[in-house]
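Trainee: Chains as they are written, first to last, in my numbering: chain A, 1 to 500; chain B, 501 to 670.
Think of the hints as simulated: they come from the structure by calculation, not from any bench.
Here are some chain A residues the structure puts well away from chain B; computed CB gaps all over 10 Å: (1) Gly55; (2) Thr75; (3) Lys127; (4) Thr133; (5) Gln145; (6) Leu206; (7) Asp267; (8) Leu324; (9) Gly378; (10) Asn398.
Derived DEER-like restraints, expressed as beta-carbon distance ranges: (11) A/Gly308 <-> B/Glu633: 37 to 45 Å; (12) B/Lys540 <-> A/Gln61: 42 to 50 Å; (13) A/Lys100 <-> B/Thr605: 46 to 54 Å; (14) A/Glu412 <-> B/Glu633: 32 to 40 Å; (15) A/Ile404 <-> B/Leu517: 34 to 42 Å; (16) A/Pro283 <-> B/Glu545: 47 to 55 Å; (17) B/Gln656 <-> A/Gln61: 13 to 21 Å; (18) A/Phe348 <-> B/Glu545: 20 to 28 Å.
For lysine-lysine, the following DSBU-like pairs were computed, each having C-alpha atoms within a straight-line distance of at most 35 Å: (19) B/Lys636 <-> B/Lys650; (20) A/Lys462 <-> B/Lys642; (21) A/Lys74 <-> A/Lys4; (22) A/Lys458 <-> B/Lys504; (23) B/Lys580 <-> A/Lys458; (24) B/Lys532 <-> A/Lys462; (25) B/Lys532 <-> A/Lys458; (26) A/Lys463 <-> B/Lys540; (27) B/Lys540 <-> A/Lys407; (28) A/Lys462 <-> B/Lys528; (29) B/Lys580 <-> B/Lys568; (30) B/Lys636 <-> A/Lys407; (31) B/Lys642 <-> A/Lys448; (32) B/Lys579 <-> B/Lys540; (33) A/Lys111 <-> A/Lys332; (34) A/Lys407 <-> B/Lys580; (35) A/Lys462 <-> B/Lys504; (36) A/Lys178 <-> A/Lys448; (37) B/Lys642 <-> B/Lys568; (38) A/Lys458 <-> B/Lys636; (39) A/Lys458 <-> B/Lys568; (40) B/Lys624 <-> A/Lys452.
Each residue gets a CB set at the ideal place from its N, CA and C atoms; glycine is no exception.
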Amino acid sequence: MSKKITSILIANRGEIALRVIRACRDLGIKSIAIYSDEDIRAVHVKRADEAYHIGPAAPAQSYLNMTKIVETAKTAGADAIHPGYGFLSENENFSEMCDKNGIIFIGPTSKAMELTGDKMKCKAVMKKAKVPTVPGSDGIVEDMQEAADIADEAGYPVLLKSAFGGGGRGIRLANDEKQLRQEFEMASAESRAAFGKAALFVEKYLERIRHIEFQLIRDSHGNSRHLFERECSIQRRHQKLIEMSPSPVVDQKTRERIGEIAVRAVDAVDYLNAGTAEFLRDPQGNFYFIEINSRLQVEHPVTELVTGLDLVKLQIGVAQGEELTFKQQDLKMNGCAIECRINAEDPFYEFAPSTGIVPNCNLPYGPGIRVDTYLYPGCNVSGYYDSLVAKLLAWGRNFDESRIRMKNALDEFMIEGINTTIPLYKTIMDDPNFIKGELSTDYLERFKILNKMREDAKEAAKKSAKAAVAAVLLQSGFVRKTEAIHQSSMTKSNWKMMRG
Amino acid sequence: MQFKVGDLAEMLEGEVLRTTDNNSVVVKIGGKQHTLQLLKSGTDEFEFLLDNSFHHAKILQVGTAEVKMMIDGQPLVVKKHSKLTEVLEKASAIGGVGGGDRNLTSQIPGRVVNIAAKPGTEVKKGDVIVVLESMKMQVAVKAHKDGNLKEIKVKQGTSVARNDVLAVIE
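Just chain A, with the same shape it has in the complex:
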């Protein structure tokens, strides 16, 4: 079942909306943008072929308003909707609503989304498909004895997790059976008090882990391909900060082995379109499947840079019913790519959010540099949406070339009016542990990176100190004849001065 897509409504905003619009323009497809009150002057609104207002600033009334979005798509005559990432991208109800209204949803089927969205169900499917998962209970643990048995089998230390209440809440650590008993009592009581029942499950606690994921694409003809791995271990509060491909600890053999497992994972859930299989890798080199992200991810450009593929175009092709034209063995990893997520947060002040107008900005350029952003001089960084303002990517023929290019690009990147996490990445690019590839999800704390960042800022201040003082002398009129300098530099041209 093949339908040619001639117009796409992008149900998103910010840099990803612009990304999809660019793919549409490449393919000659009409791009339809939606915007809230807050985004009326946003770059994705300016660049799309058509733009429709869908509601006030709050996401619930705009970018999450399924009915309004589908209505708008019908009014605009959109063949398809691309959900981007976040918002409605993994909402199976939205996917179904599109289906029911004869609009192609560019992504997986609602059935596949439902399965990948339920972690316990998904884990069970993976076990059947012989995809290695994190050792632990297959479902909810009925009682303490069962918990102890599972913990013995998986090996201590273990985590006791609540089936309800996400975001790191209700996670307890037990180092032995005695502690497990204590924690089980407390966790059950807590769970009962909050949700009326004690629904807990047990999982092996993996330490010093690396987060390594595989990009996948599956068409409607059952062809699955993996597009290699991305290492995303450097995180803060479970949010990725830096992603790169290849991973320093994945050699070609491992790539083929885990890639094949990742393909099995998406086959097992009858997946469609682009997705990512996430794994945790322990220091012994064992990989454990944790989940499938059923959407295009923030860090997809990393894979685009090392494969030469355009993932958004691939998504559109698959959505049209096209068959993938390349075989797994046709794909080759080329060079190394690193991505830094530039967030509007102050890394010197507990990553406090920073919002407001960006009066001026200077994006970095040069060989191997790519910037995906919604920034432009005069744009607004809103407090209603997430803090990602730009993705800075550097490609090099090897890790060191990409790392140094990234470092210099970070130096060139200037954003006025808001605080950003650029200083944090500058420090990391020069950190010997990062250079050695010594990464894990506790990287920031393990190597006291924030302290290093403060030291680096002091050094940078030293270098700029004299220039800063000179600027103050200029500003406060300590420089006599400042007026004369203003006059002469503004009215006379250089030619005249030289002749004079």
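Given the coordinates of chain A, assemble chain B onto it according to the supplied hints.
Mentor: Just chain B now, kept in the frame of chain A:
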């Protein structure tokens, strides 16, 4: 005039010595002489050469004793230090905290999602008083000192701007 640049411990002395012919001045900064040539100036912005290095400065905020700027793309605060400021600093330390210190202000714009403390109770420095939400993140505003939480000036749902007073601690 003495200047304190950012968090650097040492003060830097800065003064203008004389002007030269081609729109340059000779300055003395940190005990050394340098040539300062202004290339372009606009509202709150300067492009200049300090010896042979190009610099760009954007003045963000000017206070009585400090200047907030972006120098070569990097944010920096320069405090002007004179005998007078020294005297004033000593006086405020002896006399105890001034009126401005009672106010717990917000460092960020956002919406109040939770009031975490009760007015009329004793609080310690670091206690969470109010929780704000911005950019889908929750930020806890903590008491800046020990004392009695006299008053909370906001309620759940209030939108606050940077530097707005959230509470009063005495």
